[in-house]
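Under this note's numbering, residues 484 to 854 are what the sequence shown spells out, in order.
Hints were generated in silico from the structure; no laboratory data involved.
Fair warning: this is a prediction, and the values are worked out from it, not measured in the lab.
It cannot be assumed that every hint is accurate.
Unchecked claim - Straight-line alpha carbon distances no greater than 20 Å define the calculated PhoX-like cross-link-like pairs of lysine-lysine that follow:
| id | residue 1 | residue 2 |
| --- | --- | --- |
| 1 | 498 | 488 |
| 2 | 618 | 694 |
| 3 | 809 | 781 |
| 4 | 498 | 554 |
| 5 | 566 | 488 |
| 6 | 537 | 554 |
| 7 | 763 | 809 |
| 8 | 529 | 713 |
| 9 | 618 | 630 |
| 10 | 498 | 529 |
| 11 | 763 | 781 |
| 12 | 498 | 685 |
| 13 | 630 | 597 |
| 14 | 554 | 566 |
| 15 | 694 | 713 |
| 16 | 529 | 554 |
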Amino acid sequence: MQTEKLFDTNPYDTKFTAQVVSALDGEVVLDRTLFFPEEGGQTCDKGYLEYDGKQFEVEAVRIEDEVIYHKIEGCNELKAGDKVTGHIDWAHRFDNMQNHTGEHIFSGIVHSMKGYDNVGFSLTETTCQMDYNGKLTDKEIAEVEAKANQVIWSALTVDCRYPSKEELAAIDYRSKKELTGAVRIVTIPGVDVCACCAPHVKTTAEVGVLKVLSHLNYKGGTRLYIACGKRAYNEFVSDFDALTDIGHLFSTGRPDAIDAVKKLIDEKQTLKNELAEFQKAELFNQIDTTDDDTVFTKITDRNILNSAFNHFKEVHDGACFIFSEKGDGSYTFLAGGRDIDARTLLVGLKEKYNVRGGGKSDMIQGSATPL
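Put together the whole structure using the sequences plus the hints.
See below:
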């Protein structure tokens with residue numbers, strides 16, 4: 484038998500009645516269902532079944548050979564022939580509908596603009612991810628996003644139907660794989676025609692808004708993450724609030740917040756450079772005013788330490804050592820000297836320290852902990 488897919492014809496319904504066909508191994512099969520299974524890259528519907536005054540949460544939904552299985556804890560209380568009432572989590576369903584239709588709009592525009600195919604799709608509770616078999620530039624992605632939102636605000640009808648074999652043969656539609664049997668076609672006039680099994684909104688206006696969150700090069704193509712509808716709204720609110728908070732920290736408004744942050748970063752870099760110059764001068768002075776072959780310092784900047792060590796070798800006869808305190812009682816060190824094979828100094832170091840490190844004839848380096 485095949486499970487009757489009520490979500491195909493009534494995607495906006497949230498309640499239905501059905502008869503139990505089987506209840507085995509933690510899974511219930513109904514003669515018909517509104518629960519969309521995990522399929523086509525999209526997560527399944529959420530909700531519960533109601534029977535004899537009890538509620539049974541639907542933990543997962545899968546489809547195999549056109550039979551839909553509902554994973555339910557305690558399904559041993561149900562048996563073939565029982566009449567149950569199913570309840571769909573509408574907020575979850577509608578969120579998926581908004582984002583899936585948004586993906587169709589975006590992918591249709593990418594296909595028409597660049598000829599690229601959507602070769603990967605994943606819609607979870609937190610992400611909507613698409614993979615395309617061609618590279619999209621930042622400018623092109625922004626252009627597709629703008630066009631997608633124009634489509635959304637145009638309130639175009641989203642048509643979902645099963646054409647006959649003869650009709651299907653004449654339709655040019657997108658599909659990620661070869662299909663057999665009845666093929667469900669989702670059409671957004673002038674934008675996209677695609678084979679798809681999932682519920683969609685009635686008009687593009689219900690998608691609300693679409694925002695590209697991020698993108699990257701992936702397997703020679705492009706991977707994108709988008710948010711539509713409430714997800715996009717939540718992203719806007721989060722970013723709006725964050726920018727407002729940043730503005731408050733700098734006593735400025737949102738439009739000037741980014742410039743204020745950039746100014747702070749520039750000032751920090753200037754101070755960092757000035758500090759490095761001061762530390763370098765301090766360490767050079769310490770080297771120039773000591774008669775010892777060893778200098779201890781709290782400076783940890785590798786560039787400064789390397790520069791100071793080279794200076795130390797120039798002004799000091801024989802072996803020389805720089806120990807940089809790590810703050811936990813141990814040190815990083817540099818050792819060597821003019822006309823000395825630095826590797827021979829390890830023996831002496833190991834008499835006073837637990838040493839890890841090595842190097843070449845001109846310099847050895849590593850970490851040292853006093854014995």
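Here is what the structure says about each hint:
| no. | hint | in the structure |
| --- | --- | --- |
| 1 | 498 <-> 488 | 13 Å, holds |
| 2 | 618 <-> 694 | 19 Å, holds |
| 3 | 809 <-> 781 | 8 Å, holds |
| 4 | 498 <-> 554 | 18 Å, holds |
| 5 | 566 <-> 488 | 17 Å, holds |
| 6 | 537 <-> 554 | 16 Å, holds |
| 7 | 763 <-> 809 | 18 Å, holds |
| 8 | 529 <-> 713 | 18 Å, holds |
| 9 | 618 <-> 630 | 18 Å, holds |
| 10 | 498 <-> 529 | 12 Å, holds |
| 11 | 763 <-> 781 | 12 Å, holds |
| 12 | 498 <-> 685 | 19 Å, holds |
| 13 | 630 <-> 597 | 14 Å, holds |
| 14 | 554 <-> 566 | 17 Å, holds |
| 15 | 694 <-> 713 | 11 Å, holds |
| 16 | 529 <-> 554 | 11 Å, holds |
In summary, this structure violates none of the numbered hints.
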